[in-house]
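Asks: Numbering (the numbering used here), first residue to last: 4 to 171.
Take these hints with a grain of salt, some might be off.
For each label pair, taking beta carbons as the anchor points, the in silico distance ranges come out as [as the list claims (entries may be wrong)]:
id	residue 1	residue 2	range
1	P94	R136	24 to 34 angstroms
2	F137	D6	31 to 41 angstroms
3	P94	W122	21 to 31 angstroms
4	L65	P131	12 to 22 angstroms
5	P131	D169	19 to 29 angstroms
6	R7	D155	43 to 53 angstroms
7	R136	T5	35 to 45 angstroms
8	K100	G45	17 to 27 angstroms
9	L69	D6	25 to 35 angstroms
Hints listed in this document are in silico derivations from the structure and should not be mistaken for laboratory results. Note that the structure is a prediction, hence the values are computed from the model and not measured. Glycine is no exception: its CB is placed at the ideal position from the N, C-alpha and C atoms.
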Amino acid sequence: MTDRRKVTRLTADLANYPDLVVIYLGMRIRSPRGLLRMMRLGRQINEAVAAAPDGLLSHENLYFSLVPLHVGMRQYWRDLDALEKWSRQLPHQDWWKEFLRDPGGTGFWHETYCRRGGWEAIYDDMDPIGMMRFAPTVRAHGPMFSARTRLDPGSTAPETPVLERDLS
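Build out the structure end to end from the sequences listed, making use of the hints.
Replies: Next up, the structure:
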């Protein structure tokens, strides 16, 4: 006998979230050292999410592949201002500074999608993934250094957690 149950179809009513931002983040593990970094960072991220930062609506852990190990998350933020505010303070600020000084056997990326329009991405020590697979890549410097100015080239970005001149 065939199960003829009808599919329950739902959709999300986003009327109350006009400035919704979705960000996917990933970390590819390149060495045993990278595995240690990922485990430590995973605990820190869980603690940060448990603290319920203002504007974070939802957080989901993701696994992109087991070989090579590639883990990540998807987050939904009320708006870009809330996401930027959180990313420019501790603990995120320290995570980003530490990674850019020494990737620690990992590669990192994120892609951001804004409901009001605009997409942006950054890929650090990554093989082609996501938009990198079809769009030309350029160095992330000048107006391409900050997520804010990648999203809106005419805007002025607040000070980034790591200054471009500190990476030279």
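Asks: Confirm or reject each hint.
Replies: Each hint, compared with the structure:
Distance hint check: the CB atoms of P94 and R136 are about 31 angstroms apart, consistent with the given range 24 to 34 angstroms. In this structure the supplied range 31 to 41 angstroms holds for F137 paired with D6, their Cβ-Cβ distance being about 40 angstroms. Range check, P94 to W122: about 26 angstroms between beta-carbon atoms, so the 21 to 31 angstroms window is met. For L65 paired with P131, a C-beta distance near 18 angstroms keeps the hint of 12 to 22 angstroms intact.
Our hint of 19 to 29 angstroms for P131 and D169 holds, since their Cβ atoms are close to 27 angstroms apart. Look at R7 against D155: about 50 angstroms separates their beta carbons, and that is inside 43 to 53 angstroms. Range check, R136 to T5: about 40 angstroms between beta-carbon atoms, so the 35 to 45 angstroms window is met. In this structure the hint that K100 and G45 lie 17 to 27 angstroms apart at CB holds, the actual value being about 18 angstroms.
Checked against the hint of 25 to 35 angstroms, the pair L69 and D6 passes, with Cβ atoms roughly 32 angstroms apart.
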